[in-house]
Structures are given as C-alpha cells and as structure tokens.
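This is what each chain is made of:
Protein chains: 2
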Amino acid sequence: MPPRMIYTGIRVKNMDESIRFYTEILGMKLLEREQTPQTQGEVATLKSPGSEQEIELNWYAQGSRFGTPYTNGSEVDHLGFDVDDLDEWVRELEKKGVKALLRIREIGGWNEAFIEDPNGIWIEFLQRK
Amino acid sequence: MPPRMIYTGIRVKNMDESIRFYTEILGMKLLEREQTPQTQGEVATLKSPGSEQEIELNWYAQGSRFGTPYTNGSEVDHLGFDVDDLDEWVRELEKKGVKALLRIREIGGWNEAFIEDPNGIWIEFLQRK
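In the order they appear, the protein sequences are chains X and P.
The numbers in my numbering rise by one with no breaks, and the one at position 57 of the first sequence is 111.
The numbers in my numbering rise by one with no breaks, and the one at position 91 of the second sequence is 145.
It should be emphasised that the hints constitute simulated quantities derived from the structure, not laboratory data.
Some hints could be false.
Repeated chains share a single entry, so a pair holds when one copy, or any two copies, can fit it.
Within a straight-line C-alpha distance of at most 25 Å, the following computed SDA-like cross-link-like pairs (lysine to any residue) qualify [what the hints assert, rightly or not]: (1) 153 x 55; (2) 153 x 92; (3) 153 x 86; (4) 83 x 55; (5) 67 x 173; (6) 149 x 95; (7) 150 x 103; (8) 150 x 55; (9) 153 x 58; (10) 101 x 58.
Between the sequences and the hints, there should be enough to build the whole structure, so can you do that?
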C-alpha cells in the first residue's frame, strides 16, 4: 500500500492570527489544536466544509530547534480554493477588509482572484465553469 | 457557501524530476499535466491512491514573471503521509535509494520518519496506532 497524503503542513508566525484568518476569513473548520511539547510548539488542523483537503498549521516557540526565523521562500506556490461565484466572494472578502491582490480573468478558462494569508502565503480562489 | 480547499500548489525546480519522485517514490497518481502559456510554465496535479488530498506542482521557465530564483523558505513545514507499516515503508524507501533523514519514535504516540523531496520540501510519513 503506497503512503496516503493526509495534509499539507504550513508554518505560521502567529497561531491565533492564522487560525482567525483561516476560520473567519476563509470559513474553514478548526478540527484540532494542541500543544506539542516535543517541538515546543503548537499544531492546528483545519478543513473547508465540503472538502477533504486538510491543512496543518505549525507554530514553534523561539528556542525550539524548529523555531528558526520565518522566511518567505518559493516552496509553496499557493493554496487553491474553489468558489461558486467569484465576484460575490471577492465582495464578501472586501466587506471583511481583505483586498484581492490580483484578478486574472479567463486565464485557462478559469476566473481567479488571489489574496495573501497572514504569513505571506498566496491563496487562490477560482470559479470553474 | 465558503470556499472549498481543493489542492496545495507547491513550486518545483524541475518538473520531470519532481513528477518522478512523487509517482515512483511516493506512489502518487498523475492526474493531469499541462503547459500553461499564460505563466510560461507547466502544471501537474497528483493524488495518492486512497486519499482525496491533491498537490499541484508548478514550474515556471526562466523569463516567466513567476520564474524568480527558487529559495527554500519556511512556509511549507512538511507534507504529511499516512502509512500502514512505517518500518516496512522505510525499508522500501531504502531499496529505492532514499534514506530517511530523521526517525522520531513515539512522539505524540505517532511513529514517524522524514525524507526530502527534490525541491528540499520535507515529507513526513506517520503510522497511526
């Protein structure tokens, strides 16, 4: 049996702020949040309603062997989210004070918008026709 | 309806080498691979058998506006994979010439091993009891 991918673990600068973003702004559900004394950190797992994709937010205290300075690299290109009505969703985001950074209409037949999470990770919203 | 997370998009340095790693070493299935003239790049989508998690590999040609130098940052902590028998899986990896970098026994009740993908992204295998 080959391994089964079960989540994407991203690292966050501030756990409370990141959970707030993924739940209040993106409407994800917090499945679990726990201290991890082994890494001197905290772990939280989230999922969108109607999706099986899970993300794990990882936070490490200063002094943890994993608590190196947070640097924005290229490894994450973006996290992809599907929406029913992109224009309506962008208006909802704006009401919450989140501005879409980029709109690409009809690239590859997809209607897309991008925002950044509190860690600088790009989030793509796309409306599939 | 809140947005539904549908994949994690990671950026890769070499598309062929990365697809080979995720299919031949990790046993994932290649769902789609296509040129994206809009970004002067290529996109490939993969999924593990028995899992709904999808990853999208993104590659950009030099000269693309997205083709900035590849830098390993902190945004991806790791990608998480579940295995039935970790010792057996680590032996299978070794047969394929892939060495586990780190074994953490019984951290949080999980039996874990880590490797790196060709882009320097950490991959975690865990056997849940």
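- Message: Tell me the numbers of any earlier hints that the structure contravenes, in ascending order.
- Response: 3 and 6
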